[in-house]
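Residue numbers (our numbering), protein chains in the order written: chain A, 14 to 126; chain B, 2 to 138; chain C, 34 to 523; chain D, 1090 to 1857.
Be aware that one or more of the hints could be misleading.
Said to hold, decoys possible - Lysine-lysine pairs mimicking DSBU-like chemistry, simulated, CA-CA at most 30 Å apart:
#1 K464/C with K1242/D
#2 K1761/D with K388/C
#3 K1642/D with K389/C
#4 K115/A with K1761/D
#5 K115/A with K1437/D
#6 K1190/D with K395/C
#7 K1437/D with K395/C
#8 K1242/D with K389/C
#9 K1761/D with K471/C
#10 K455/C with K1242/D
#11 K395/C with K1850/D
Note that these hints are calculated values from the structure, not bench results.
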Amino acid sequence: MLFLFAILIGVLYGAAVYLLLRRNIFKLVLGLIFLGHATNLLLFVAGGLTRGFPSFLRDIPGEVEKMADPLPQALILTAIVISLGVTAFALVLVYRFYSVTKTVDLDELSENE
Amino acid sequence: MESVILQIAARHMRPLLVILSLVVLYRGHNEPGGGFIGGLMLGAAYILYAMAFGVEKTQKSIRISPVALTGIGLLLALVSGLPALMEGHLFMTGEWTTFFSGSSFELKLGTPLLFDLGVYFTVAGMLTLVMFSIMEE
Amino acid sequence: MIPVLPIILPLLFMVVLIFTRRWLAFQQYFSLLATVVLTLVSVILLLDVQQNGIATLQMGSWPAPYGISLVVDMLSAIMLVTVSFIAIVIMIYSPGFIDKGRQSAGYYPISFGLLMGVNGAFITGDIFNLYVWYEVMLTSSFVLIALGGSAEQLRGSIKYVTINFVASIFFVAGIGILYGLTGTLNMADLAFKIRAAGHIPHMNGALMLFFIAFSVKAGLFPFFFWLPASYHTPPIPITALFAGTLTKVGIYTMFRFYSLFIVENALFWKSFILIIAGLTMTIGVLMAASQFDIRKILSFHIISQVGYMVMGLGLFTVGGISGAIYFMVHNMLSKTNTFLAGGLVYQRSGSYDLKKLGGLYKASPLLALLFFVPAMSLAGIPPLPGFFGKFFLIKGGFEAGDYLITAVAILVGLFTLFSMVKIWNEAYWKKEPEEIKKGKLSRRAIAATGLLAIAVVLLGLFAGPVSELTVEAARQVVLPELYINAVLGL
Amino acid sequence: MNIGILLLALLFLSVLAPFTRRYLGNAAGWIFAIIPFAGFVWFLGMLPEINRGEVFTHRYSWLPAYGIDFSFYIDGLSVLFSLLVLGIGAFILIYAGYYMKTYPMKGRFMGYLVLFMASMVGVVVSGNLITIFVFWELTSISSYLLIGYNHEKPEARGAALQALLITGFGGLALLGGFVLLGIPFGDYELTTLFSNPEVIKSSNLYLPALLLILAGAFTKSAQFPFHFWLPGAMAAPSPVSAYLHSATMVKAGIFLLARLNPVLGGTELWHYLLSIFGVTTMFVGAWLSITQTDLKRILAYSTVSALGTLVLLIGTGTEYAINAAIIFLLVHALYKGTLFMMAGNIEKNTGTRDINKLGGLFKYMPFAAIVMILALVSMAGIPPMLGFIGKELIYEAKSNAPSAHWFILIAGFMTNAIMVFLSMRLTLDIFWGKEPAYDKKPKEPSLALILGPFFLVVISLFLGLFPKTMANPLTSQAIMAISPGMAAIKLKLWHGFNLVLGLSALTIALGVVAYKYRDPIISMATRINLKYFREEFSRVFFRMIDYFLIYTKEQTKAIQHGYHRFYLMTVFVVASILVWIQIWNGDPVILELNFRDMPLNLVAVVALIIAATISAVVAHSRVVALIAMSVIGFGITIIFIAYSGVDLAITMVLVEILMVILAMAVLFYLPKYVKYSGTGARMRDALIASLVGGFMMVLVLQAGSSAVQEPVSEFFKQSSYTEAFGRNIVNVILVDFRAFDTLGEITVLAIAALGIFSMIKLTKKIKI
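This is chain A alone, in the form it adopts within the complex (with noise of 0.2 Å):
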């Protein structure tokens, strides 16, 4: 599966990418979403997979070779959030970004004007 997955983190990655270069700020907006989601994807891949063993200690012989490894899940869990809150705060900005100067497209953000 690694190699499916890590198509998976590539064409997310590259879609976040392209709808980052669009002009509409909503686009923009989804595609720091998508760099999020592909990010979370990437913590969990590179931190090898295992199937169906959830870390949760229950005194079973063995388990320990078998468990999942916990700590990449926590990082994620971590970065779940961070991008939670980031994100929450990118959408209220773009909104009142519109609310402001009532555009949506990109290029009007030139600095020098």
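Dock chains B, C and D against the given chain A, drawing on the hints supplied.
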């Protein structure tokens, strides 16, 4: 959005969700759950209420502002690191005590739980703060 | 215990300020007091490190490499002291410049959030924890740069937020990959494993991701766009605070990572970093020359001067690194000072545009002095600290045999002088335009700027003792074994 | 007394100066002059010991970590220069106190002047290259402030900028040169340098160090082609011109050459470079002075010429040449100081400096006229002034120059003839000749204004009359300092009839003849200048600055263009290139495709996510995009569940719901999609996107396929229950093992929430 059904649902769901969130919070140390998920549930309870009765009324019924809730959460998380110092350990070292240490049931309380409670409040505070602001807009 | 204080004290202060956000007067004085406390703590840390060597703390008593290690070496300590001192100045300066709306909207608590993140980044010895502090710092800076929400600010902050978000994503992706490759997050442990293994396959991709992430944060060529696009938009104390702290965190991290993780391909990284440094300092200074907005000139200069610091890193000799660290301290103080002086100009004349300004030299000798000192320091005029920073770097560069980059650094100094003199000639010496506003200067702001200017002068006058500290810091950077052993207790 | 105390006293005085105006008024100059005068006397008192060959050194610890001390080194050369700086300085201060009577901000002016004096003394008494440099730069800065004194005039600002940039450029080069010089010696102390000068001469750093140091010295001392800032600096008030631009600052470069002659000198390169630059500057300066009409500019060009002469002499390096250099330095400082101060007096009295608009002044101010004429006599090199001795020595030196002495001699001859011509012209055209209608009757300058010129001329006269008793003791040690082992030549006014005297006579004769035919000569010179020097150097300089600014503006437009997505594009493209290079050069990726490892249901999930992703990208409506987004989120959740991430999955679902609600709440305020970009742009962006996606894919493959021995998480598995009392290891990591991360995480949440809150509440438009 003054829907009667929603109002009834919200009124009854709220205490339920609050209790559920506390359970999730406590369970989290051993089973799936934890402060973050619990906090989201707590927040959801009040957001539901606010959707039914409006933000202002909800605010009144909680008596504590979301900002304060966030602050309390942060403070709790911070304070949970202090007992360790009194024990002469390093900051944020987990300190545990056991209540009712029977054979079948025991209630273990420790500073990591307090910390998780801080997470719980912060998340709930953040969620309600954001949603209330947006809903008021 | 002390190493954790620079992180949790700001959090505590932030919480207090959140609860008291309606009492503006209290917020002003409390913030000031809080930054003074932070500075004292940092100074104590510095003295401790100076006497007892690298200080470490294992969070929650979990031993390294399992728990999160906090490590304060000389470099961290110097940065901590500098940042918290700048925070004092900003807190004195702010009330006159941040309007009531922004103050009650959380300017003070979020500033402490920023300080928490910055200090955390300086202290932590764990890569993922570093990411967390970066995010604390960045989120605070996002909020601060958009605080108030004028159209210009929003324009700037969209660029700022997006590009920095992308950088953070690169950072955290690099962490994930590094963990997948090595199974550890503790920086000392990682460095130890790299040295023990000799070669860890596929490391370079992750390292490059880190480099890109930190280059964006530090404002290196060609990743700096967010900086000049946004730094001129918020109120000047916020810009000054950013100028004094943010990019330097990126540089600091680069120092740390380079020192710990670059073992293989050292020659490639050295030349690569030197090339980037040369381009950054040249392009930044050239862009500064064309500007007419004081804040923009200074913003472009930040980029150029970041190039100097990276140059010191690329040399990777005690002399070069020590020069870069001294330069960094100087730059944080002097740059903040010029921004604050720029704010005074605005308060007096109602504009940042050099074309609309003039006559300030005659109108206010004090204002002139407060700008002249840091500006000449940035231009590298002795005996101000900018000179020593430049001198140490040039010395380091020539002694390391990297003549080309050193020649570039020397030449860039001339252009820096040019832009500083440009501001001086236009805003201070030119005849005062008739329609100019004649605003009253805030006393607190003058006091803050003066305090910082005095600090700049003192940094120059006491270049001797300070450079002893930076040499010690550089020694610890160049010999990462000291760091690794201190953390792992080897 | 200690040299450190003197310097501190001067610095203190300069800081104090701006505040004294109120209390001291115009008498400030007299009081200010006390300290430099005391210093002058102190240095004079050192002369006997100095002449016994003693050298005074003091060292203060300065940058111990770098092994650099702040040190002083006082020998004959230092004393000679210090005497000039302090002696002339004292007179200048007195002069300036009255001269600047009507100017605003006189206090600051005096402060800068004293600051300059301190820095100049600092340069000449420093015993360490870095110490020299510190004071050197201070002279540049204080002169910048002085030249730009009339800062509301654009010319003054321009001239100040020009001077600062030229000398600043030199300063930076000098710093580089000093650092290079210090490398082979391992030290910057002059004593170290002097003790074994062969170290540098045999090093391959000699050439770059020499070139950089010469760049510093030549810019400061206005050598061609950097000479133009000096005439430009005439925008400064006359006391400044008299002090900085004749007697002191421009001599700093000369001082440096003299100081380093034992270290760097004596090589062919040194000899040729100095001679070529010197002789060119000497002649060009003199030539350009012919066509000037502004009194101060005439003097400025003649100063340029004199500086060239000095460089030439030091470069020549023979015993005669070094003797001549020192004597001429003294001569020049004395007469040029007088002339500039007199130029100020004349301008003050008549309101003009244009010599065509002056005339017949002798009868109004006979005393001042005599003073000035004596200075001009010295400039022309006519006995009995010291200038005569100087010129004789120069001729002697030139005729004995080791190479090209005929060429140098002829150039020198022409130059001196021009000096004679200028002297006659200034004397006759200003003090006699046609008298224009003056607005108010010119009168003798007041005591403070004439005191300086008078004393300098008298000193020059006495030195000329009694060279052996007065000039020799002043200069002999300076000569030895420049060139150890050389003896001072016994100076005398009368040398007997020889070639040199003949040359002198011829020079004067030529000058007189030239004055007789001055009109055709001047118009010829003007024609030649128009043809060959059509552009004045300083105009070229400013045009270069204009071009530079245009360039930087274009560059800024090209790089900081304001288009957000091109910023992002640059970041992505550069990142892709850098990472791909790393992948390319890195270890090979071994890919094992194991189809048994691919359960169909998961393959379907992956396919679904990819499909959703693509539809989100190409979607034409926001609803589709949002739905696709949530499909992706839930798809990832399924993957988390399948691969043992239970907590993760729950959190992901909750967050996903929240995100969709937020996105809906916020984004539906925005207008509908508009298609902005064309196909070309889309193709380009798709390419960039696939580059980024591609390297991320490869990196994940690399990381995911490498087996790690003992990740740190083993410890968590082992001790989660035993030490942290929790069975949910992920949660234990979050609240205990790595609780510090979580603390940061909730802080981020709180800050973001506060930010959102304030952004929504704070709708008022706020300025600043």
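Hints and how they fare:
no. : hint                : verdict
1   : K464/C with K1242/D : holds, 8 Å
2   : K1761/D with K388/C : violated, 42 Å
3   : K1642/D with K389/C : holds, 19 Å
4   : K115/A with K1761/D : holds, 13 Å
5   : K115/A with K1437/D : violated, 65 Å
6   : K1190/D with K395/C : holds, 17 Å
7   : K1437/D with K395/C : holds, 24 Å
8   : K1242/D with K389/C : holds, 17 Å
9   : K1761/D with K471/C : violated, 47 Å
10  : K455/C with K1242/D : holds, 15 Å
11  : K395/C with K1850/D : violated, 43 Å
When the structure is compared with the earlier hints, violations turn up for hints 2, 5, 9, 11 and for no others.
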